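Participant: The lines below spell out each chain.
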Amino acid sequence: MVEDKTLVSRFFNGFNVVLLILITLLCIYPVWYTLVISLSDKAAVSAGQVFFWPKDFTLGAYSLIVEDGKFLNSFLISIQRVVLGTITTFVVVLLMAYPLSKTSKEFGPRNIIMWLLIFAMLFNGGLVPWYMTMKTLGMTNNIWGLVLGGGLPVFNVILVMNFFRNLPKELEESAVMDGAGPWRILFDIYLPLSKPVLATILVFTIVMHWNEFFQALVLMTNNDLYPLQTYIRSVTVEIDPSQIDAESAQRLASSSNQTLNAAKIFISMLPLLVIYPFFQRYFVKGITLGSVKG
Amino acid sequence: MLLPGIIWLFFFNLLPMYGILMAFKDFNPGIGLWKSEWIGLENFKYMFELDDSKQIFRNTIVIALLKMIGNLVVPLVFALMLNEVKNRFFTRSVQTIVYLPHFLSWVIIAGIMLDMFSISGPVNQLLTAIGIKPIMFFADAGIFPALVVGSDIWKEFGFAAIIYFAALTSISPELYEAAAIDGASQFRRLISITLPSILPVAVLLGTLSMGNILNAGFDQIFNLYNPLVYSTGDIIDTWVYRAGLIDMQYGLATAVGLLKSIVGFILIAFSYGLAYRFANYRIF
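Just so you know, the sequences run in chain order A and B. Counting along the first sequence from 1, when you hit position 270 you're at 482 in our numbering, and nothing is skipped either side. Counting along the second sequence from 1, when you hit position 28 you're at 30 in our numbering, and nothing is skipped either side.
It is worth saying that the hints were derived from the structure and are not from the lab. Being a predicted model, the structure only gives us computed values, none of them experimental. Even glycine gets a Cβ: it sits at the ideal position worked out from N, Cα and C. Misleading hints may appear alongside valid ones.
As the list claims (entries may be wrong) - Here's a subset of chain A near chain B, in silico, CB distances under 7 angstroms, partners left out:
id	residue
1	S221
2	L232
3	I240
4	L307
5	F335
6	W342
7	L360
8	G363
9	P408
10	M481
Unchecked claim - In silico BS3-like cross-links for lysine-lysine, where the CA-CA straight-line distance does not exceed 25 angstroms:
id	chain 1	residue 1	chain 2	residue 2
11	B	K37	B	K47
12	A	K254	A	K267
13	A	K254	B	K135
14	A	K314	A	K407
15	A	K314	A	K381
16	A	K347	B	K37
17	A	K381	A	K347
18	A	K381	A	K407
19	A	K347	B	K27
Stated by the list, open to error - Derived list of chain A stretches under chain B, where covered just means 3 residues or more per stretch with a C-beta under 8 angstroms from a C-beta of chain B:
id	stretch
20	241-252
21	282-289
22	320-332
23	424-432
Next comes chain A alone, as it looks inside the complex (with noise of 0.2 angstroms):
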């Protein structure tokens, strides 16, 4: 690349830098504050005085955690729903994708079955009508409304069968020739070529079963099966509508519990914060490959 060095442009650049340091610490800064004031001691909080660095060090708001079973058991629902729900996405995501890569020639109804795919990303019945369904079908109060209640991530489907349409056709015809099976085709030679998709819908997918809160809200009237984040909501966020007044908007500006709503918000954030080093290579790669073509 070439450079510029008058005087203006040296100028510029010094300047861009520190803008962008600038920007990259306001998207860190929140995180930092979060685990500063889970570290500090309440008093200290309350009176505004910790900003950068934990103030009276204390571990006190997490061995109260460490002793709430609630929180405890929320963590827990959530970790068993992403197991689950990234199962059963993956699976049936793949077994989607892989009729769907082949030409309507091919494959009879493959134009029908993608116009019902694309009509349901696109259109739903609304709020109401859906959690009438759910309520028809039994999943309230039960871990497979949270794991299937979000319907089939269609547009997981069609980016894998994307992807899978770009493989090499060579490399199924001798397969076929073989005498190889589409499930032969699809598990011993499709997947191991697709890697970098299937890496990126498991990261989506991981993190869209762990980040959800709100299917929770309305199908769980019992409040144990709560999954983390809709745990967190319940204590942090959520004021009852009916008591709002000029005292608890002072309340929702200074939170009393402040020490330990921040320790359980950033434990929440700590099994994103562990894997993201290890899939943040993945994502950019799966997001320009599905997103933008031609």
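Place chain B on chain A using the hints.
Facilitator: Chain B only, in chain A's frame:
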């Protein structure tokens, strides 16, 4: 092979569409949907008579539009800025960090924001330091839309920039070499080469985002809002939740939801159509 997928699709994507009938009926949970009385468009008429409806439609469009503009411009400018830095380690580190907020849930971000913007929090401390009185951010209907739009941009700009980065790396370096030999300054090259090269991507993304004009972001607003800011923060989706599942006005909530789905569907179909025609963009 298709069977599990079709079953899933049928029960959880398609079956709920049957419940749309509720919008045209006086739904009585006691006797079930099918036996409830048909009332035609009563629910829709009632919807337009409500004062709430004007407010939620206005709020939805205002918030969604502001987000659309912000989420188009900020990632573009950010990508251009980062592209001017030639130090690989620096650009990599910046990218890694700015992607992060995208992966946090709105529950978490709302929790963090309540701390950041509380009376004793860092934002108000900063305001006090420069001589402005502390503000109760979450209790002020005038400020609320700015919080919503700002936090959405904060969460998504880094991730949205990925597509621009991809477009930027595909620009041929020879163009820059040639321009430099002709004496074009760094600024000139930015205006005459970089910008025109990624503008088509920006236009494409802008076109596609038009389909989302009725999606102002349920998860976000649902976690951030409270009755004090309903006048500027309540959107169609949050209203449908309260009317339908809290106040149990099933028919009315379904009607509002249905109207939103239909208009949204038309807008998405239209914007995909445009993208297909002018940018040859296809999703399958």
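Participant: None of the hints should be skipped; say for each whether it holds.
Facilitator: Structure-based check of all given hints:
no.	hint	in the structure
1	S221	holds (5 angstroms)
2	L232	holds (6 angstroms)
3	I240	holds (5 angstroms)
4	L307	holds (5 angstroms)
5	F335	holds (5 angstroms)
6	W342	holds (4 angstroms)
7	L360	holds (6 angstroms)
8	G363	holds (4 angstroms)
9	P408	violated (14 angstroms)
10	M481	holds (6 angstroms)
11	B:K37 <-> B:K47	holds (22 angstroms)
12	A:K254 <-> A:K267	holds (9 angstroms)
13	A:K254 <-> B:K135	holds (24 angstroms)
14	A:K314 <-> A:K407	holds (20 angstroms)
15	A:K314 <-> A:K381	holds (10 angstroms)
16	A:K347 <-> B:K37	holds (18 angstroms)
17	A:K381 <-> A:K347	violated (45 angstroms)
18	A:K381 <-> A:K407	holds (18 angstroms)
19	A:K347 <-> B:K27	holds (19 angstroms)
20	241-252	holds (count 5)
21	282-289	violated (count 0)
22	320-332	holds (count 6)
23	424-432	holds (count 4)
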